[in-house]
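Residue numbering for the sequence shown is 1 to 295, as defined by UniProt numbering.
Think of the hints as simulated: they come from the structure by calculation, not from any bench.
Fair warning: there could be bad hints in the mix.
What follows is a set of in silico ranges between Cβ atoms, one per label pair, in the way DEER data are often shown [what the hints assert, rightly or not]:
no.: 1; residue 1: Leu-98; residue 2: Arg-237; range: 34 to 40 Å
no.: 2; residue 1: Val-57; residue 2: Val-172; range: 24 to 30 Å
no.: 3; residue 1: Ser-43; residue 2: Pro-209; range: 35 to 41 Å
no.: 4; residue 1: Leu-123; residue 2: Leu-162; range: 30 to 36 Å
no.: 5; residue 1: Leu-148; residue 2: Pro-44; range: 49 to 55 Å
no.: 6; residue 1: Phe-46; residue 2: Arg-212; range: 30 to 36 Å
no.: 7; residue 1: Cys-197; residue 2: Ser-43; range: 20 to 26 Å
no.: 8; residue 1: Pro-209; residue 2: Pro-115; range: 25 to 31 Å
no.: 9; residue 1: Val-184; residue 2: Leu-98; range: 22 to 28 Å
no.: 10; residue 1: Val-63; residue 2: Val-184; range: 33 to 39 Å
Note that CB positions come from ideal geometry on N, CA and C, so glycine has one too.
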Amino acid sequence: MMEGPYAEQQGVHQQGGPPGLAWAPLNWTDAVPVDCDATVPTSPAFQVAVYLMYSSVFVVALVGNGLVMYCVVSSPRMRTSTNYWLLNLAVGDILMTLLCVPFSFVPTLLLQYWPFGVELCHLVSFCQTVSVLVSAYTLVAISVDRYLAIMWPLRPRLSGRLSQGAMLLVWVFAILTALPIPMVTRLTQPDSWHAHCGKWVCLEDWPSPLYRHYYTLALMSLQYFAPLAVLLYTYTRIAVVIWGKRTPGEAENLRDQRLAKAKRKEAERCPEEKKDDGRDELWWERGTQAGTRDR
1 MMEGPYAEQQ GVHQQGGPPG LAWAPLNWTD AVPVDCDATV PTSPAFQVAV YLMYSSVFVV
61 ALVGNGLVMY CVVSSPRMRT STNYWLLNLA VGDILMTLLC VPFSFVPTLL LQYWPFGVEL
121 CHLVSFCQTV SVLVSAYTLV AISVDRYLAI MWPLRPRLSG RLSQGAMLLV WVFAILTALP
181 IPMVTRLTQP DSWHAHCGKW VCLEDWPSPL YRHYYTLALM SLQYFAPLAV LLYTYTRIAV
241 VIWGKRTPGE AENLRDQRLA KAKRKEAERC PEEKKDDGRD ELWWERGTQA GTRDR
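Construct all of the structure, not just a fragment, from the sequences and the given hints.
The following block contains the structure:
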């Protein structure tokens with residue numbers, strides 16, 4: 001059993017604290033000085049490059065997706081089935097931009113700890129997963145919509161209400177897929193520096209490594225492999241149909257080209273035929289005049 005101030009401090013850390021926090025045992029002593037303001041040493045050029053990249057991505061994503069949303073919402077002519085899906089994709093991208101860029105940049109590169117509290121730890125992790133899933137599922141829906149339009153162009157397209165219902169299903173399925181994330185996300189102190197300085201890190205703490213493994217496989221399949229398979233199939237079929245078959249307009253153009261070529265060949269033969277006809281007429285006239293004299 002430990003005695004002294006180290007034992008008292010360790011006991012305080014293991015017994016107290018708000019809910020949703022995972023406590024790590026301390027392995028430091030009072031004789032070792034700890035700098036709580038220490039950061040990962042990086043060069044100024046690297047820091048400037050990282051700041052510029054994150055800032056550029058943040059601004060361009062917000063402005064670009066905001067313009068897409070404004071164009072679709074403000075103009076009645078833009079409210080089509082395909083544009084509704086683009087609007088849904090823009091909403092998912094904006095959500096990803098607002099939650100992924102600042103909440104990944106600040107704790108990971110600037111502070112090396114999570115300063116936003118337990119509630120945002122659960123919320124941000126959950127919303128990040130939902131935004132990625134919504135973007136992936138929306139891309140799948142757009143590819144299927146284009147596939148149907150190319151393969152069966154005479155069939156009626158989805159109406160606005162059906163498109164909105166499909167978007168609602170996309171969001172519901174994405175939320176259900178990401179639902180385990182806030183249940184296992186919590187603040188932890190992974191090492192002695194975080195424990196000594198009272199700093200926390202937002203991480204997933206699964207009850208069993210096997211659960212983490214199965215959920216990671218399921219999430220990877222639903223988020224990456226299944227959408228990738230659908231996109232490859234739909235766009236490959238679209239490319240085969242567009243490049244491998246002649247459209248009605250293209251067939252008419254080829255027919256017109258053949259007719260024009262035949263007319264050119266006929267025009268090239270006409271001068272020779274006219275010369276022969278002229279010679280025959282001349283001989284006929286001379287023969288007629290000779291017969292008249294004999295009479």
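Comparing the hints with the structure gives:
no. : hint                             : result
1   : Leu-98 with Arg-237: 34 to 40 Å  : holds (36 Å)
2   : Val-57 with Val-172: 24 to 30 Å  : holds (29 Å)
3   : Ser-43 with Pro-209: 35 to 41 Å  : holds (37 Å)
4   : Leu-123 with Leu-162: 30 to 36 Å : holds (31 Å)
5   : Leu-148 with Pro-44: 49 to 55 Å  : holds (53 Å)
6   : Phe-46 with Arg-212: 30 to 36 Å  : holds (32 Å)
7   : Cys-197 with Ser-43: 20 to 26 Å  : holds (25 Å)
8   : Pro-209 with Pro-115: 25 to 31 Å : holds (29 Å)
9   : Val-184 with Leu-98: 22 to 28 Å  : holds (23 Å)
10  : Val-63 with Val-184: 33 to 39 Å  : holds (35 Å)
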